[in-house]
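Colleague: Here are the chains, one letter per residue:
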Amino acid sequence: MKRITCYLILICSFLCCQSAAAEALAVVAHPSVKTEQLSVKELKSIFSMRLTTWSEGALISVYVLPKQHKLHESFCRNYLEIFSYQLERSWKRLVYSGFGQAPTQLATSLEIKERVANTPGAIGYIREEDVDDSVKTIRID
Amino acid sequence: MTASKLSALTSLLVLFASSAVGAEWPSSVRTHGFFSQGMVYTDENGFVEDDNGWSERQTEIGLNASWQINSDWRMAGQVVYLNGGNRYPEGFRLDYLLLDRLAYRTDTDEVHIQLGRYKNQHGLYRDSRDVPAAQPSIFLPQSVYWDMYRDQTLNTDGVALMGFHQVDAGSLEWQFSGGATDIHDDMEEWVLGKNSSGDYEEDWVVQGSGYYTTDNGAWTMGLSVLRSNLDFHADEGSQAVSGQAYVWESIASIRYSAERWETTFEYIDDQFKLYGLYFPEFRDRSHSDGYYLQVRYFATPSLTLLARYDAKYLNKHDRDGKDFEKQTGAPSYFMFSKDWTLGLTYEVAENWLVRGEYHYVHGAAWLPPHLYPDVEVHDQEYWHLFAVQLSYSF
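As you go down the protein sequences, you meet chains A and B in turn.
Heads up: the first sequence runs through residues 1 to 141, numbered per this note's numbering.
Heads up: the second sequence runs through residues 142 to 535, numbered per this note's numbering.
No lab work stands behind these hints, which were simulated from the structure alone.
Since we're looking at a predicted model, the values are computed, not measured.
By construction, the Cβ of each residue, glycine as well, lies at the ideal position given by its N, Cα and C atoms.
Mixed in with the good hints there might be a few duds.
Stated by the list, open to error - Pairwise CB distance ranges (calculated): (1) B/400 - A/56: 33 to 41 Å; (2) A/73 - B/380: 56 to 64 Å; (3) B/460 - A/73: 41 to 49 Å; (4) B/222 - A/110: 37 to 45 Å; (5) A/56 - B/357: 24 to 32 Å.
Based on the sequences and whatever the hints tell you, model everything.
Modeller: What follows is the structure in structure tokens.
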């Protein structure tokens, strides 16, 4: 019994470490974007492709990782506070009904950083450790 | 040339005129598409094929493009090829072709004007109804998404206003639109019977809808109302004579989404006034309704299970069809369809879906033609339907 408890504690601590080790991420935009911070609601409206322009009038280009990517899952859950299937459902609806467009999907955090750095009006999320001067970090509250 | 084709052409012209605005070609053009092939088996009643058994007449192909000309203007279009057996006329259709103008914006709102052929936001699944990846099952619940009236309510040639607003504790999207729908040339056979021929057209349609979603995305609820006038000019020798149908259609929707499952309920109320059609002096009002309750369970990231009950009544004051049987001599089961569905969707590879579903159906209200029930082909009150489908979307 004692041994089982030991194992349980081990497994639990392993799981806790896993979640604590979930990679920190940052929401980044092209340096020309004037917006400094976004609310969760605004972020959700932008990533669900329903708000399509920045305050200054420039078109927003949205970049995301594949739905299987851990960072995407954690972005949906912790930043947008919705499930990734809900986001995907609304993109599909926009794309096939002519109501709007879907975000551009790229394979890695570094690719997103590069594309955001080179596309005026771009926004995306990347690993915190990938952030450098080429992109602007957007505060989320 | 019909008004619809004119408006499509107008959108094209406006597009080329506005290309002078200076677009970033071609990175601002996005293309998407889908393909599906199904196999359908019915033991009775000739769904998809008049003779029962297996049928491969279940194909959906679509290709679309969306061109973001600048931050205010966008052009989009989609062409589809559909083969649904005897569910609706087979062939190519211009699904939408529109010019979208961002008409009003603040930091929390956007309103767009769409001109050309646009899709109606009429129920949760209608605007993407032929796209397997955007649908819960191979066949949509026929109470709300009846194949026979697919063309009348799916897309419209005219003008639509579409809004999105962040509101307290959620977001609201709405659409108001008006125009006329380009109904497929052969559709009168489906609605009025194989011995009817003539021009079956929609004179005009206006539609309004609103959908509210809570901040956590858990609840979506909405209402859509549509009013249209349909007109039939009979050819000489046609079984159905010239006439009109005035339609009021409302759909109430509610959906709850959790991490592992989702449940959807939609109710439709349809009121018709019929003039002529059976004989020149014929006048009638009818009031039909229906609803479905659907549960989807996301068993694994790639496997989704579905269970649904769907009920359709052609006359809500004669739900069991007994009055209809007394008046016409045709069996009462033509006045309703009750469908129990079990289904599964498996994502075998990225963007590839395999679907299977089983329907146990009581009644024949779905089955065409609508005006003159085909008692010879649809001779069973209880019947079974089994379908499998492979689809790809990008």
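Colleague: Hint by hint, work out which the structure violates, then give me just those numbers in ascending order.
Modeller: none
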